[in-house]
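Asker: Chains A and B supply the protein sequences, listed in that same order.
The first sequence lines up with residues 68 to 152 when you count with our numbering.
The second sequence lines up with residues 87 to 499 when you count with our numbering.
Just so you know, these hints were derived from the structure itself, not from any lab.
Being a predicted model, the structure only gives us computed values, none of them experimental.
Just so it is clear, CB atoms sit at the ideal spot from N, CA and C, and this is done for glycine as well.
Each hint should be verified, as a subset may be incorrect.
Here are the computed distance ranges between Cβ atoms for each label pair [stated by the list, open to error]: (1) B:Arg470 / A:Asp134: 36 to 44 Å; (2) A:Glu83 / B:Pro408: 44 to 52 Å; (3) A:Ile143 / B:Arg308: 40 to 48 Å; (4) A:Asp134 / B:Pro408: 22 to 30 Å; (5) B:Pro103 / A:Thr82: 44 to 52 Å; (6) A:Thr82 / B:Asp227: 23 to 31 Å; (7) B:Arg476 / A:Val106: 21 to 29 Å; (8) B:Gly248 / A:Ser87: 38 to 46 Å; (9) A:Gly77 / B:Pro109: 57 to 65 Å; (10) B:Glu98 / A:Leu141: 34 to 42 Å.
Listed below are several chain B residues computed to face chain A (Cβ distance under 8 Å; list not exhaustive) [to be verified]: (11) Leu91; (12) Ala178; (13) Trp216; (14) Glu297; (15) Ala329; (16) Asn334; (17) Ile337; (18) Glu338; (19) Ile339; (20) Glu385; (21) His387; (22) Phe486; (23) Gly490.
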Amino acid sequence: MKYADFPLLGRRPFTEFSISGVLEPEPAELGEWTAARWVFERTSVPRERVEWWYHGASRLWFLVRRDTGSDTILAIEPARTGSRS
Amino acid sequence: MSLRLLKYAFIEDYAEPCWFNTPATLGESYDVIIIGAGGHGLACAHYLAHDHGINKVAVLDRSYLGGGNTGRNTTIIRSNYLTPEGVAFYDASLALFRDLSDALDTNIFYSERGHYTLAHNESTLRTARWRAEVNKHYGIDSEVVDAEEVARAVPGIDLACGGNHAVEGALYHAPGAVARHDAVAWGYARQASRAGVEIHQHTEVTDILVEGGRVTGVVTPRGTVRAGAVLSAVAGHTPSVLAMVGLNSPIEIFPLQACVTEPVKPWLDTIIVSGSLHLYVSQSARGEMVMGASLDPAELHSRRSSFEFVSGLADGMLDLFPGMAGLKVNRQWAGMADMTPDFAPVMGTTPVAGFYLDAGWGTWGFKATPISGKTMAATIANGRDDPLIRAFNLSRFDDFSLVGEKGAASIGH
């Protein structure tokens, strides 16, 4: 089982978290066509990206930088008011 | 070792000819290049030659034949889908599968077992009724059965399921079957090869050439090859190949794991799926219990397997079949599943002329191998989408016209 050190929580197994998407900037204008792209399009190639991780037991959200090619965690910070995708 | 085998050690002309050609050199140009020598790519090559007389075709693979998801799935074939488009498509595939051993002159060990999708609560039973009605409307053998019927047909099942989530009924699909996945890939390779198709293993496509919005060829470490039509049939590597032609898609890559136990005497002759417990199991012709569970929880471009997978699977499996407690797991592995938002594939023409896509096969690709090959061959030969796959075009995400198949998925998500 994989573990990592989380701010506020300490060392926790990954299985306690649900991962709910990627932190990506919202497009400046959302027309019909750009909205469809925004809703559906993904960049699913091996890369580093920042993800929303939710810890159900403590109801805390984190922003986790992860390499999707090697499954390595590179940075973890608590999500704050104003952190948005 | 039998004497029959031993004698071949002394004979120069080996009695069994090679299953497919491996030409020493890669040609300078072909009519069609297929990226990916899995079941889908090889089936398309076979039908291009067989149905349309197009045999100047090269199938390129970065690794070996059938080494991707073709050799990693759990070989279940069924057509009890939820949408009219899905039912028509998968039923056409099942019809081809039934005659495939003859058509390919290769025994694919096609074995009809019956397929039970267990319902552990009222809402799953409601989806089962819905699926049964859609299926019956389209002439597919599918019905809802009660728990007693499940108990009669499935030996060793604990209907109380450990006391936590009792089985209340099931969707039963009599034509549900299993087949040898390697045999399917090798059978298509042999027939395509006999018709003149070239299969080049260990030949990675590193770039796709596009000039004026039209595909003109591919780049490999063995040289540049020209072609007017290129098909991507690469499952878990689809987003990387799409990036070569500047296209995006909604496809996301998640690992899907499976495992087999040590072989035991035949005791389970049907296929069992439980969406609520996130597991499925069948017994192979060799006696192994072939089992799978859910997709991994996060995107990952890797075929690593995990202990959480087997422990989680065993937890549910022993609720359902307590008698399997003594079995040892022999092997476990993973494949990279190219998931789509609506659980339907992405097939056909693309905005890049001459570039065709056979992707988005997520966790449901093996059962579609023959029909995807046949319809993609027709699409490439005619330059327009085959009617059977029109609903699956990449453009459906721009039009918000999705094909919702999640309710018919066996694998937990």
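Asker: Provide an ascending list of the numbers of those earlier hints which the structure does not satisfy.
Answerer: Failing hints, ascending: 2, 4, 6, 8, 10, 11, 12, 13, 14 and 23.
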